[in-house]
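Chains as they are written, first to last, in the numbering used here: chain A, 1 to 584; chain B, 1001 to 1584.
Since the hints were derived computationally from the structure, they do not count as laboratory data.
Among these hints, one or two may not hold up.
Stated by the list, open to error - Only pairs whose alpha carbons sit at most 25 Å apart, straight line, appear in this in silico SDA-like list of lysine to any residue:
| id | chain 1 | residue 1 | chain 2 | residue 2 |
| --- | --- | --- | --- | --- |
| 1 | A | K395 | A | A336 |
| 2 | A | K458 | A | L426 |
| 3 | A | K268 | B | E1478 |
| 4 | A | K566 | B | G1068 |
| 5 | B | K1488 | B | S1473 |
| 6 | A | K173 | B | L1231 |
| 7 | A | K232 | B | G1034 |
| 8 | B | K1482 | B | S1340 |
| 9 | B | K1571 | A | N579 |
| 10 | B | K1232 | A | G578 |
| 11 | A | K571 | B | K1488 |
| 12 | B | K1268 | A | A11 |
| 13 | B | K1268 | A | G371 |
| 14 | A | K424 | A | D471 |
| 15 | A | K396 | A | D471 |
| 16 | A | K173 | A | Y245 |
| 17 | A | K488 | A | A460 |
| 18 | B | K1202 | B | D1214 |
| 19 | A | K382 | A | G371 |
| 20 | B | K1459 | B | V1207 |
| 21 | B | K1026 | A | D577 |
| 22 | A | K26 | B | K1458 |
| 23 | A | K26 | B | K1268 |
| 24 | B | K1268 | A | D374 |
| 25 | A | K202 | B | D1050 |
| 26 | A | K571 | B | M1581 |
| 27 | B | K1026 | A | A11 |
| 28 | B | K1458 | B | G1034 |
| 29 | B | K1449 | B | E1415 |
| 30 | A | K202 | B | G1212 |
| 31 | B | K1571 | A | A11 |
| 32 | B | K1026 | A | G34 |
There are 2 protein chains.
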Amino acid sequence: MKSDIEISRDADLMHITELANNLGLKQEHCEPYGHYKAKVSLDSIEDLKDRPDGRMVLVTATTPTPFGEGKTVNTIAITMGLNTIGKNAISCIRQPSMGPVFGIKGGAAGGGYAQVVPMEDFNLHLTGDIHAISSAHNLGSAALDTRIFHEEREGYEAFEKRTGLKALRIDPKRITWRRVVDHNDRALRHITVGEQTPGTPKNMNGVPRTEGFDITVGSELMAILALATSLKDMRERFGKVIMAYNHDGEPVTAEDLQVAGSMAVIMKEALKPTLMQNLEGGASFVHAGPFANIAHGNSSIVADKIALKLGDYVVTEAGFGSDMGYEKYCNIKVRAGGKSPDVVAIVCSLRGLKSHSGDFQVVAGRDLDPGMIDPNLPALEKGVANLHFHINNVKKYGVPAVVTINRFPQDTQEELDWLMAKAKELGAEGVAISEGFIHGGEGCMNVAKEIDRVCNEKKAYFNYLYNVEDDISTKLNELATKGYGGNKVVISELAQKQIADLEAKGYGNLPVCMAKTQLSVSHDPALKGEPTDFDVPVREVRLSAGAGFVYALCGTIMTMPGLGSKPGYMKIDLDDDGNIMNLS
Amino acid sequence: MKSDIEISRDADLMHITELANNLGLKQEHCEPYGHYKAKVSLDSIEDLKDRPDGRMVLVTATTPTPFGEGKTVNTIAITMGLNTIGKNAISCIRQPSMGPVFGIKGGAAGGGYAQVVPMEDFNLHLTGDIHAISSAHNLGSAALDTRIFHEEREGYEAFEKRTGLKALRIDPKRITWRRVVDHNDRALRHITVGEQTPGTPKNMNGVPRTEGFDITVGSELMAILALATSLKDMRERFGKVIMAYNHDGEPVTAEDLQVAGSMAVIMKEALKPTLMQNLEGGASFVHAGPFANIAHGNSSIVADKIALKLGDYVVTEAGFGSDMGYEKYCNIKVRAGGKSPDVVAIVCSLRGLKSHSGDFQVVAGRDLDPGMIDPNLPALEKGVANLHFHINNVKKYGVPAVVTINRFPQDTQEELDWLMAKAKELGAEGVAISEGFIHGGEGCMNVAKEIDRVCNEKKAYFNYLYNVEDDISTKLNELATKGYGGNKVVISELAQKQIADLEAKGYGNLPVCMAKTQLSVSHDPALKGEPTDFDVPVREVRLSAGAGFVYALCGTIMTMPGLGSKPGYMKIDLDDDGNIMNLS
């Protein structure tokens, strides 16, 4: 089989303006970026407002191995499959960070015959949104350090007198706004800025302080991009972003620094979703890509809004397993204005479920244990508990579940048949096998038919998991128990203090975003399958005031990845004709 | 008069594909980025190869005040003026950094009725080239620190054994590749990276070392972008970039780190120049913007190449006065493959020349002394020596000079007449007054006619200032004497050692790029007018092996600006309709 980039390059692509035209978008609302990408103006929403909304298909997965279960592939394949059976379906997916692209992971545009194309454009720059986030975010940082520099050098009173500005009296030890860069760069995790340049006077470079860089997609601005419902909403949220605290412990926002407007100016174009196409000519919006732990892990509300007006079905992917991206979709994104799902596809694989038997060690970068690839019904029977959790979890929100089995070449029909029957027994409203990777839409027709059948037969009665008006501890406990099946939440002393402080400042009625491992339903990556009898420890609670949620840390979340000793970039190059080699 | 952004917004713009079509570009070679910008493929050069090249008009200026003499305005106005008199003229200008846009300077797209539009697009992101440079550059940095991390942690031998890679044995104290960000951010000038994150094991974040960020446009990759003649050439130059030295003092290149290919992949699209339009519908290529001190200060060779095939005249702007950007155009850019100028326009103003009398202190951010604005022939008579220098300097390279007087509202006809006559007397082949700022092309017709007349009457016989095969000290001395009119170059002991080392390593026959102040013809900003009897001290000599020049530091060159206490970003915002306010 050809490599992903070869398949992408050999594809016969439609000009993006033609695709936009076919969808019913006006030319003035479609700004091409090259021949195969276009930004779509938010004015199109107003223009299309009389059309009915399509159905929302959310694609989630069982608890993933480090290899992934093929969720993006199947998001695209399901879209293609729905188009193959005569529906009008559109994908809404996230834009990947360039860090992992050059690190280890390679492309994130799907794979095989279920890709968004051109995959190089998808994986590199796209239409510049992540660059815009880096720029807007780091302008905020420059504004912060500049203000500290001027106020501290002059003294607060003299500063106020000279400039006519109110001194913000920022505490350099309580800065919450780290800088960002869209690379895997561990040397920037912990740094000291504002040091004296040798040979220059002291204090010329500001006030020395510890600092660090996160990868750009971890920026709160990314979460805001995904949750904003309009340019005005995005601008207002930027103003609320807390960058530091002053010497009295009061928050200092981007509005206080008078930089929120410029940050919004830098991100004005970034709020327009990017339209691309899949290998079969179907439409795909690519927009935003927040973390699924410290943020909510879903693509943008504005992309969904436009797509829902243009398609019968919108197929969107949520990060990690259903305890992560799907939970956050329901409890955070829907509350911010997203459409609740009409049906959920749970992607799983024989090998993935076998890993949940607990019999195997799965390590990124090493080959899979043959016991997970070869027929092994006992392991499958043990591991299927994880699927049970996710089917139940999806249905908790009143949404029907269709289990989508991502078939791999060595999978036997016997085990597949067993899993199909078992999925039904565990409560799935539908189940089918996907061969989208090798056969595209045709390989995913059966899944598409199941999704369409379930949608027609079973209406979703969506409900949230918790009452957002409850206090923060109660909401955390609801997630720990109803959300993950644990006994209770255990909140550290530090977190209790932080919660009291947040509630006193009026942030108590925000949704909570649990920053926990994706490798287990629980907080502990070692607990496979469907763990029971565990407590969920919350170490720390933080605030994303602009994005509009409180997030709770259940462990250490890496916000700046590192690079291995043989990173992906070593092989990526241009060939003699200027084509990109070895991107996937 | 309306503000720049109002004029830009009220303009009736042509769709960029229509403009490209009118120019004779094939649709497949023109990739629109929105409705008013397009990237032009380098394949168009091959396609147009049978067309003759147009004439190259280089726009330079007298030694600038901190306010600038209106060089960009007149580059665009001359283009418009040439079009007004029936020629087919195209501008090739530099892309501005976003740092100064949000710092103090505002937009850089020209001004008044001589602008490239839409000015917001010009000043923000454009088509993402500078973002691509930041990304490619910082991937190089991540590769460098990653390699040090892995080699030092494991030990060279164990590293080689495990990975099969040759240990590079990089000296963390001899790293020449600083990181970059496209903001004015003084806190990043001098930092320590790779520090331990509290609560994590030691050495998890690499080897702590001092580091710093430059503003992105100061990256060697920017100089390469401007000098590369093809994608292949850019890729090869990236490979030669020196990022550090090993413990034996041998250079470690991007090729050694196996990251040059990925850097080129990230910048593949950036090598395509961006086509925009001016307020009168003329074409303007915007591409690259290297510093004019540590680099050569001119827009790209590839943009020129395309424009020369499409226009009778290409009008391009070189950074700062003729001792800076023009000198480097001639001695560096032409040697790399740029077309030598057919005529040079020297932009000057009454106020600018009066400042060279030495009678006034000009400080950025403060109002000009009325003695420079009001009639003041004695000051003008003293200051005109600076124009004398620049006319002579231009002609030294065998190129005719047309003095372009940028008229300001209070300028008297008497002083203008005096200057016109004087310019001729000083050897200018042509002279005319420009009112491009308030009248666009019509206001610059007289300059356009002079340029056209001089081009028809006087062929340029271009010659370089120095022989590139001479040794580095000789070349530096040629610049100090023939280039600036000084007595001789004085090379510090440190620089002498560096020169010996560079020559021993085979870099002796590269052109030299003088990194000196732009505020004087000499190395000393206090020496106004046409200074004589001075030595040019060279403090340090460095190498840009990828860009292909040696650069000599005559003073401290700021590679990371700071922000004032009331930066431009404080006023820039979105209005209720989503329009950008206060950008200029």
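- [ ] Measure nothing beyond the straight line between the CA atoms of A:K173 and B:L1231; if it is 25 Å or shorter, mark the hint as holding.
- [x] Violated - the C-alpha atoms of B:L1231 and A:K173 are around 47 Å apart, more than 25 Å.
Open item on the list: Check whether the Cα positions of A:K396 and A:D471 lie no farther apart than 25 Å.
Closed with: At roughly 21 Å apart (the allowed maximum being 25 Å), A:D471 and A:K396 satisfy the hint.
Open item on the list: Holds or violated: B:K1026 and A:D577, Cα atoms, limit 25 Å.
Closed with: holds, 20 Å
Open item on the list: Run the distance test for B:K1026 versus A:G34: straight-line Cα separation, threshold 25 Å.
Closed with: Roughly 14 Å between the alpha carbons, so the hint for B:K1026 and A:G34 holds.
TODO: Sort out whether A:A11 lies within 25 Å of B:K1268, counting only the CA atoms.
DONE: Since the Cα atoms of B:K1268 and A:A11 sit roughly 20 Å apart, the hinted pair holds (cutoff 25 Å).
TODO: Take the C-alpha atoms of B:K1026 and A:A11, compute the straight-line distance between them, and say whether it is at most 25 Å.
DONE: Within the cut-off at roughly 22 Å; holds.
Open item on the list: Next pair to validate is A:K424 with A:D471; report whether the Cα-Cα distance is within 25 Å.
Closed with: violated, 37 Å
Task: Satisfaction of hint between A:G371 and A:K382, Cα-Cα up to 25 Å - done: This hinted pair holds, its Cα atoms lying about 13 Å apart.
Task: Restraint check for A:K268 with B:E1478, where alpha carbons must lie at most 25 Å apart - done: violated, 50 Å
Task: Restraint check for B:K1459 with B:V1207, where alpha carbons must lie at most 25 Å apart - done: violated, 59 Å
- [ ] Starting from B:K1458, check that the Cα of B:G1034 is at most 25 Å away, please.
- [x] Status violated; Cα separation ~42 Å.
Open item on the list: Given the hinted pair A:K395 and A:A336, is their Cα-Cα distance within 25 Å?
Closed with: Within the cut-off at roughly 21 Å; holds.
Hints 3, 4, 6, 9, 11, 13, 14, 17, 18, 20, 22, 23, 24, 25, 26, 28 and 31, counting from the list given before, are not met by this structure.
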